[in-house]
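Residue numbers (this note's numbering), protein chains in the order written: chain A, 1 to 123; chain B, 1 to 327.
The hints are simulated quantities; they were obtained by calculation from the structure and are not laboratory data.
Glycine included, every Cβ here is placed at the ideal spot set by N, Cα and C.
There's no promise every hint is true.
[Unchecked claim] Label pairs and their calculated CB-CB ranges: (1) N110/A x E276/B: 37 to 43 Å; (2) T186/B x R118/A: 46 to 52 Å; (3) W64/B x E116/A: 44 to 50 Å; (4) R118/A x A120/B: 56 to 62 Å.
[To be verified] Partner residues are not named here, just some residues of chain A that face chain B (Cβ under 8 Å, in silico): (5) V35; (6) L38; (7) N46; (8) C53; (9) T54; (10) M57; (11) A61; (12) T86; (13) A88; (14) K106; (15) L109.
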Amino acid sequence: MIDALMNLSLGQHAAAPFTVLTLSHYLLLSAALFVLGLLGFLTRRNMIVMFLCTELMFQAAAIAMIAFGRYHMDVSGQVFVIFILTIAAAEAALALALVVLLYRRKETLNADAWSELREPAGE
Amino acid sequence: MDLSLLYSTCVLGAVGLYLMMRPGKGAIKWAGGIVALAGGAWLLAKLPDALAMSPETRPQVFFWVFAVIAVAAAGRMITHPKPVYSALYFIMVVLSSAAIFLLLEAEFIAFALVIVYAGAILVTYLFVIMLAQQAQGGDDPTAGSEYDRSPREPAAAAVVGLLILAMLSQSTLGLADDPPMQKSATQARSEQWRELEQMPGKLQAFLDTEIEDEFTLGWADYPDMVSIAIDASVAAVRYTAEDGTQATAELPESMLPDNIQRVGLALVAKFPVSLEVAGIILLMAMFGAVVLARRQIELGEDELRQTAGMRRLPIDSGQEEDSGGAA
Numbered sequence: 001m002i003d004a005l006m007n008l009s010l011g012q013h014a015a016a017p018f019t020v021l022t023l024s025h026y027l028l029l030s031a032a033l034f035v036l037g038l039l040g041f042l043t044r045r046n047m048i049v050m051f052l053c054t055e056l057m058f059q060a061a062a063i064a065m066i067a068f069g070r071y072h073m074d075v076s077g078q079v080f081v082i083f084i085l086t087i088a089a090a091e092a093a094l095a096l097a098l099v100v101l102l103y104r105r106k107e108t109l110n111a112d113a114w115s116e117l118r119e120p121a122g123e
Numbered sequence: 001m002d003l004s005l006l007y008s009t010c011v012l013g014a015v016g017l018y019l020m021m022r023p024g025k026g027a028i029k030w031a032g033g034i035v036a037l038a039g040g041a042w043l044l045a046k047l048p049d050a051l052a053m054s055p056e057t058r059p060q061v062f063f064w065v066f067a068v069i070a071v072a073a074a075g076r077m078i079t080h081p082k083p084v085y086s087a088l089y090f091i092m093v094v095l096s097s098a099a100i101f102l103l104l105e106a107e108f109i110a111f112a113l114v115i116v117y118a119g120a121i122l123v124t125y126l127f128v129i130m131l132a133q134q135a136q137g138g139d140d141p142t143a144g145s146e147y148d149r150s151p152r153e154p155a156a157a158a159v160v161g162l163l164i165l166a167m168l169s170q171s172t173l174g175l176a177d178d179p180p181m182q183k184s185a186t187q188a189r190s191e192q193w194r195e196l197e198q199m200p201g202k203l204q205a206f207l208d209t210e211i212e213d214e215f216t217l218g219w220a221d222y223p224d225m226v227s228i229a230i231d232a233s234v235a236a237v238r239y240t241a242e243d244g245t246q247a248t249a250e251l252p253e254s255m256l257p258d259n260i261q262r263v264g265l266a267l268v269a270k271f272p273v274s275l276e277v278a279g280i281i282l283l284m285a286m287f288g289a290v291v292l293a294r295r296q297i298e299l300g301e302d303e304l305r306q307t308a309g310m311r312r313l314p315i316d317s318g319q320e321e322d323s324g325g326a327a
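In isolation and in its complexed conformation, chain A is listed as follows (with noise of 0.2 Å):
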């Protein structure tokens, strides 16, 4: 059983791109969803949506843990996966707070209403 997924190896995916797993399929999938969770905080103007997307990219960031983790067998990774948790709970806790006071004073989620936050530009 621990030997079962022991073909975690690059090298073998010019071969047998489907059949064979390898590190670089759970690496793709991570880059994959981390690079739509990216362009979903970029696009998107809901301030709830865009803390989503990060939300998003924790995600990415714990697939590729966890998979370096089985590459190399050992279970930092799934301990790190467990950081994110932590930090993903705190994030979303805080931030959603923020996000309700925001709302009250605005009455919008709408991320550009508050652009009178930013650098004058030009200046």
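Use these hints to put chain B onto chain A, whose structure you have.
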């Protein structure tokens, strides 16, 4: 394997779905849902058998299924105009990545992810979305806030995102050599056996059942009295009995520390400081949330004054004038 299994589960699922979709009749709907669920689960469990796949290729099938579900749900999540649906699609991403964690033999994390992420964090998100959402008209696709329907710079973001994805794939797929493994499979396995030395409770339970005469592991002399010996992938525990004689007992495969024991051991033995820091972060987040929520109650008192016909508190209106002047 014969395909009749597939066909029968499909028929079962179809009957269940039909019963579910029929209008009215609550009890029949529930029965239909159970039938459809059972059919789906049976199909998922038996599909590799029915396709005559070897046990080695099963993880691949499930990897591709769940990877496609995760990426598709993530794509829909960042494009759906309604935030509630975005959150629900993110739950789907979490569930499918939990399935992928199961493929990677990270069982504890998979279930913790479902409980903590899908069960707690996402429910918080859903509550806040519903708190802070203006009333929107039904299922009309054009309903919803303008800022949810029109993304900011979609073309530029897509180009940037796909460039980053291309670079990331290049860096993982374009490698000429394997990254060096930290240890070989046999080495990793013997390390897993040796972790038993740090689990005296488990060893004690084993020795209690294995040895007739009473043998107690004392915490003080524990490291000297018990050690794990590995010889040609067979692990054995070497211990000193009370009369001073050395003895050896072979360890069965079921004594190998499982995933949850190994994660727990690494958490407290390898990363104790990080564990403390994580606890402090959670505590501070709790304080922060309480402080922020207190300010909401103050706002509520302000509204109470207004509805009671009293003047608004002068401090609050003064702040608003200040911020308006600064802008």
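- Query: Which numbered hints turn out to be false for this structure?
  - Reply: Those not satisfied are hints 2, 4, 9, 10, 11, 14.
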